[in-house]
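*Asks:* Just so you know, we're using the numbering used here here: the sequence shown kicks off at -12 and counts up by one.
FYI, nobody ran anything at the bench for these hints, they're computed from the structure.
All C-beta atoms, glycine included, are put in the ideal place defined by N, C-alpha and C.
Possibly wrong hints are sitting among the right ones.
Pair ranges (Cβ atoms, derived) [said to hold, decoys possible]:
(1) 257 x 282: 38 to 46 Å
(2) 365 x 226: 57 to 65 Å
(3) 195 x 297: 37 to 45 Å
(4) 207 x 302: 19 to 27 Å
Below, a list of computed lysine-lysine pairs in the BS3-like style, where the Cα atoms sit at most 30 Å apart [unchecked claim]:
(5) 335 x 231
(6) 130 x 335
(7) 187 x 130
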Amino acid sequence: MLSFSAIRSSGNRAQLSTICRLLTTSHRYQSSSFTSPSSSSTSDESGRNGSLTNKDDPTRKTRGDSNNNKNSSIITDAEIKKSVFISQSYDIFTNLALEDWLYRHFDFNRHHVLLLWANDPCVVIGRHQNPFTEANVSKLVDKGITLARRNSGGGAVYHDRGNLNCTFFTPRERYNRKYNLNILTRALFREWAIKAEINKRDDIIINEKKISGTAAKLGHPNAYHHCTLLVSANKLHLGEALVKEDANYISKATASVRSPIRNLCDVNRSVNVPQLLSAVGYEFLRTSATELEDGGSTQTMKQRGFQLINPTEKWFPGIEELRKEFSSWDWVLGKTPKFTVEKDLALKADNDKQLKMKLAVEVDKGLMSEITIAMPSGERLPVVSQLQNKPYNEKNLNGIIKALKLVSTDNVKQAINSM
């Protein structure tokens, strides 16, 4: 777990005193802390302690690009408190459920929250993505890497305990992606003098290599922006996991933009997840709620500090049902946009020659809804198979291919009707 002792190891005495005071007064939430559930319409969206007087210092005061409207001016910056929540779970489905629970139930009007969390090995795809074009799904199973679908848009990412995940919660009218990303780059500079940049895609990069991707969910009244920070992720597993399976996929699902990546520990060997958690959390607390203005320790002491969060039913009523939904086949695979997968086949003729055919499988809501084969003559034949309307996966696809390869082209018409 991301424990108190892990945070303590990275802080100075003043920081330790602050955390002790805040954690000892942090208890289970009372029901009055939350608003009732809201139905919402949504859209997706190298050294240490560098000099802060340097002209390149990213921690200097700048204005963000918030979408503030008249409602946001009703509450002053001084009235908004901040908390850093640290999830004590490494289960991707539990953390997605926690994120969604806070988005649905919490009142962020006077209380902005940064949720920090990490996961055991998993691949997380965007809400509108096709897992089979983003990852080698069968290899994930073999390697014990979990496949998950989040509730926001964006591309596929690999998580393990070498990642730190950050979710910034605010009311919709105070959603400000650039503000959040600057919190992260300022933390890297303040703690390790690492100069990171924010590119046009809102990725955080160092020397053109990506250390953080980003996505968001905008609703009413709440919104969140979440991103990853690659610290010491297993790049071998990452590379193997985020490779699509060997087939031709025809899909209109959102496709990920591939980018070269880099771990922060490769930039500065002293960077680790517990220290980064502490650095990012303090940068968030010491910064004004609506502008990138550094208030230092004075601002930090006014906030609600770090709080260890146990994402259980006792703390968050209804979270177990949310976890069940996020981990269900219907959500992870059944939500896949309709697509077609094609495979070239070489079937033997009675004269021992090889004739090329093409198998096409249409997949709708994760199920193989239509299976056809294109004959050498150009004729397309429907395949009547016991596997029709079964879940699409590599095993079932290979079952169809294996059956077809056992027969000659002259007998395909009979064979496909007996599969």
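*Asks:* Return the numbers of the hints above that this structure violates; sort them in rising order.
*Replies:* Numbers 1, 2, 6, 7, in rising order.
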